[in-house]
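Chains as they are written, first to last, in the working numbering: chain A, 1 to 331; chain B, 1 to 690; chain C, 1 to 336.
Possibly wrong hints are sitting among the right ones.
[Unchecked claim] Listed below are several chain B residues computed to face chain A (Cβ distance under 8 Å; list not exhaustive):
hint, residue
1, F120
2, Q297
3, W324
4, N337
5, A340
6, G341
7, A360
8, T534
9, T565
10, S570
[What the hints assert, rightly or not] Label-pair distances were calculated between CB atoms; the ranges are:
hint, chain 1, residue 1, chain 2, residue 2, range
11, A, P255, C, E312, 43 to 53 Å
12, C, L133, A, Y135, 34 to 44 Å
13, B, P75, A, L159, 48 to 58 Å
14, A, V25, B, V506, 21 to 31 Å
15, B, V506, A, L159, 15 to 25 Å
16, A, V25, B, D474, 39 to 49 Å
17, C, P269, A, P255, 37 to 47 Å
18, A, T83, B, E595, 53 to 63 Å
19, A, N314, B, E399, 49 to 59 Å
20, B, V506, A, L110, 35 to 45 Å
21, A, L148, B, V506, 30 to 40 Å
If you are wondering where the hints come from, they were derived from the structure by calculation, not from laboratory data. All C-beta atoms in this analysis are idealised placements derived from N, C-alpha and C, irrespective of residue type, glycine included.
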Amino acid sequence: MTSFIIRRLLYAIPMLVLVSLVSFVIINLPPGDYLTTMRQQLESQAGLTREEAMAIAERMAARYGLDRPFMVQYFEWIKGIVTRGDFGYSFHYNRPVHEVLWQRLGWTLLIATTCHAVSVGIGVLVGIFSATHKYSFFDNVFTVLSFLGLSTPNFFLALLIMYYLAFHVKTHVGGLFSTEYVMAPWSGAKFVDFLKHFWVPVFVVGLAGTAQNMRVMRGNLLDVLNSQYVETARAKGLPERVVIFKHAVRNAIQPIIMYLGMSLPFLIQGEVIASIVLNLPTIGPAFHIALVNQDMYLAGSFLLMIAVVLIVGNLLADLLLAWMDPRVRYE
Amino acid sequence: MSSKLKTVGRKKNTLILVLTVLTCALLVSSAAVFAKYDTYAGRFALEEIAEYKALPKYNESPDLAALVAEGKLPPLEERLPENPRVVKTDVMHDGIGVYGGVWRDTFAVPVESWNWGAGFTQGWFGINEIVQETLIEVGPMWLMKEPDPVPNLATHWEWSEDGRTLTMHLIRGAKWSDGHPFTADDVVFTYEHYICDTNVPSWASASNWTYNGELTRLEKVDDYTIRWHFPVSYPIDCFYSMDYLDFSVVPKHVYSKFHPAFNPEMTYDDLLAATPPKDLPPVTMGPWVPVLYEPGQLLIMVRNPYYWQVDEEGNQLPYIDEVWFTEAQSGEARTLNLIAGTGDRDHIENPQVFSVIRQASLDPNAHFTIQFGSYGIGYHLMMNFSLNKGIDGDEKELELRHLFRDLRFRQAVAHALDRDALADLAFPGPLTRAWEGGYPTGSSYYDESVVRRHEYNPEKSAELLAELGFKDTDGNGILNWPQDSVHAGGDLIIELIAPEDQAASVEAAEFIQPMLRSVGIDLRVRIMTGPVVTNRVDSGHFHFHIVRLDSTTPFIHMSLFGPITDNSPSWHQAGPEGERFLMPFEERIRELMMEARTELDAGRRADIFVEILRLYTENIYSIGLYEAQRGLGIAKRFRNVQPDVPAYLYDWLDKNIPLQIVWVPEEMQYQPKFKEHIPTAESYQNRSWQ
Amino acid sequence: MAQGELLLDVQNLSTHFNTEEGIVRAVDRVSFQVYKGQTLGIVGESGCGKSVTAKSIMQIVPKPNGSIVEGKILYYRETDVVDIAALHYQSQEMRELRGNEISMIFQEPMTSLNPVYTIGDQIMEAIQLHQKLDKQAAREKAVEMLAKVGIPSPSERIDRYPHEFSGGMRQRVMIAMALSCNPKLLIADEPTTALDVTVEAQIINLMQDLQDEMGMSIIMITHDLGVIAGIADRVLVMYAGWVVEEGSTEEIFYSAKHPYTQALLQSVPRIGRRGRLNSIKGTVPDLINLPRGWCYFAPRCSHVMDICLENEPPMCVLVNGRRVKCWLYQEGEASA
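When you get a sec, could you build the whole thing from the sequences and use the hints?
So, in structure tokens, the structure goes:
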């Protein structure tokens, strides 16, 4: 098993090199670079003339080495990562890349893990209920809801909610706290305020996941309930509750657990579009802004991070599978 | 008996009469002291806007008074300058205000650094305008009968006889928010070690101050007097290098600690890394001081105890206690917050969003109202006139450029466009209207009488194109080049680029396409991301380009309107060696612009720019499409916001009102929540520069 | 073999399934007895109702469609008799019987055990559920059972997973699990159908040895007459939900009365005989909404008479306990 893990990790290295190179190339493909964006901003926001903006941009280019050949910039960047753990500089945020990532990582992980926990928790429980009460009234209700949840694009849902909140409920847009609580230390009231804001992204991002988990769980469980070993378990005289949860669910839930491992990169990306619409201080919007503005070290680092997480996630998924299903073993 | 009564009655009547007369006199006199106008634009002389004088008595906010009583702040008289800047009641729509309340706003660019002199933003959206103070201001120029730069930290100035020396006097005894005196040292430090130091990426640079290859010298005469030594006579536009961003004064006692010229242990990287966003509170001279910042979430500013401006009754400004800026991911959040009632201001510039905001404002419970200023935004179409930039040896490209330079072609295109339709399509109603180009009508240099109109006349257009030799020889509806041209009978195809993040430009481009198609021009519309479009324009690789014009002040932004530098206007840039083939009217425009740069007289200056407008529209330098009013969404509870204050004219709203005179009646005030953060001596101890 | 004491008395049991298309009378008025220490074989084609009968006894008829609609299942315990049919299938009482006094093993050894738990876990689960033993004692008991069913190195194999055993081994494990609580009645639903012949013989022998050792009764459900011949004392022949014939193994094999039984015996392939196999013509009727009032076997019967298609044949009790459901016979007739 250990050799398996080591081998997988070794395979990952050329993969990461490839990912970093490809992403760096693609980010720099559109003509221009971050400075073009910066100049635009200067002209529109600061009212500078084109000459003034261009002059400033030129100075910045010299300062950050943006006027050097492309491959040189790439190697410098990789060298920085490998030798110093320095992921480069973000022009847009005017601070080192790792600071930008670090700041947003906390909220991203919180939202993502909560969404996942909620979507798995609720989805699985509802799926179990649906499967064991097949075609009952509630099963039908849940089925309809789950199809709605699966087919509604979540940015659309986010827009709807934003509209409703801004135009009808009249709540504050932007961030996870009301103004009076942002700076305040944590307290019961602050936590309540947080929950009042937090339910929106969890709902928007988690709805599709919940619906999916519910459908998958229901289907899997229905299959498993027809298995012979479930009948054996009943024949042993076990209470139905034990039969369902200990024997049936334990088998039916495997694909969902496996999928958790593979969805790790999406945890980090944190559902970009919904985050942008909802104005959340997470990684998704920063990633989007980095791409549009060609803030190349930031964008490249994001992509690299997602690749790492994807590889780790896949590895974890495989390990989880082996742990959950004794029939699977790696040499 | 009755006669006695009659006498008493008569005395009573007289008393009543006298009282009535007195009351009337009182009312009239007070009315004379405080008049409320409907419009404020272009009404006032400088002395009616602000002056510098000592007043017999001063007042401060009760919170500051409490801190003084606790010994945490020096008394008000010691904090104010000798002659504070007094904002006149004339420009206050609702008169003298009361203390208290909160201004809630939204911004969408993260705070980069408090070191504004080194080209860092504090978030835009009004934050920069609050913390940065300049020698002069252009914002209040909208109020003036004869617009001229308004004194700010510089109180008055004189030119020498030969116009090569400008002596400027600075406000005496004003202090930075940490109590440190503001002096000429700060100004000289900013000029020599920020602006003129090529290692510092300041907004303005030495080139702003270089005339004929020689750099202007700045001399410190004494603590409150500086003297500029110019290489040329009367370089009037130098004032526009003393305003917002170009000369936001940097506190020497802070940044000299990080500057290599003063501290050999420091490098320029250290200087640029100085005072990061969380290093609070920064040292500023603005009305409010940033005290709390949660990146990605919220920026809190509280009143500056050392602010150096007062109202006519001696009340230290600002009236409003706190300014809260929510940080969002995009500018739309500001609009949403306005509608939701959780934000107090928004600028309405996008015709696409007009109706939504207007709808929300019509709700009787809406907390905000909309005011529209003059027409200050224009969308125009420009043709690439350069004969040597972006050609790359392509003969066909060169031929197209020659075609663009032919006035008849430009007239043909102008007549083919139905501008009224374009304005209506953008937004039906009075918020947009057809525009000929040049300056939007809200500009103080706009003069209807010189504008040459090109009305919608597709037949005329077809005539002109035929005159140029175009004919549809192959019957596909597109005109063909003459056989003896380089294109040799090919279709007349022109490419139009527009940036995708300006929805209005994109829309206009798409509406123009069929209009030109109907006169036989095959217009290929290419929508691209902003940076890509900028790139194409910079390198001169474009035919047509539609873009939004934000400026109504050609004197300040000459390069947007004429060939004042090698790279302006963007549609006629010089080639790689600097050579350019200006058309005669362009040469004339350039001459006039050079003249205006050194013209002292505001009236004569205006004449020059009116003449430029005439040349511009007669020769269709660029084709105006439609202009729009720049709107302002503002919370109803605010007082002293003039009904016609522009969101942006010479500068942004915050400098135009200006923000420090805005107040809220007590019963409508939001409660400030950060009073304990008002900066005192303690807040400025053990800081990174000490 | 002499009749021992009565253990299970099934009287007029009917189990129906309520499907969308209609009612399926999977078990239709079935009656039989099982005596202590005896093996009852139930034989018949697929779909004749033998599995459902077994599941009815265990009260694990698939829900929500299936349910016992009439009849009694009287189970004789030390001190009392309990009517299983009257118990709710999820009741505490029923669960105390299930897996404890009455156990069942199933047809597919490959899928009868939960793949994610060790066989030890699964056996101990039954033990700990019904007997108040602690983990250590339960484990010892489980190892003992494994040894009894012939699993080599049981104390080591007990921690293995089902997929590490062959089919035959797994069936032994199933038997170990079923017998771990010393049941009075073991119901074996086609336990050897999925195994190859040599393994089948081993399993059957094992079951007989354990029966001798533990004194339990067995209901052996199969369609394999060879297995019946090997292990059953009495035989029940079922067709389309009915019991069509009952008798001792010898009686059934040597003097089958019912035409169906005869045809079954005829159709068994014999070694040495070549040529076409004797199949029974026709197919089992579709049980959905099957109307009453006729003999379901009639269309395939070689002795069919008019009355067979007009009236349902009664169950005739012949002398010495033989029963036949056929118009060919009359009540009280002597068996030939």
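Hints, verified against the model:
no.	hint	verdict
1	F120	holds (6 Å)
2	Q297	holds (5 Å)
3	W324	holds (6 Å)
4	N337	holds (5 Å)
5	A340	holds (4 Å)
6	G341	holds (5 Å)
7	A360	holds (7 Å)
8	T534	holds (5 Å)
9	T565	holds (5 Å)
10	S570	holds (6 Å)
11	A:P255 x C:E312: 43 to 53 Å	holds (50 Å)
12	C:L133 x A:Y135: 34 to 44 Å	holds (41 Å)
13	B:P75 x A:L159: 48 to 58 Å	holds (55 Å)
14	A:V25 x B:V506: 21 to 31 Å	holds (29 Å)
15	B:V506 x A:L159: 15 to 25 Å	holds (20 Å)
16	A:V25 x B:D474: 39 to 49 Å	holds (43 Å)
17	C:P269 x A:P255: 37 to 47 Å	holds (44 Å)
18	A:T83 x B:E595: 53 to 63 Å	holds (59 Å)
19	A:N314 x B:E399: 49 to 59 Å	holds (58 Å)
20	B:V506 x A:L110: 35 to 45 Å	holds (38 Å)
21	A:L148 x B:V506: 30 to 40 Å	holds (34 Å)
The structure fails none of the hints (numbered hints given earlier).
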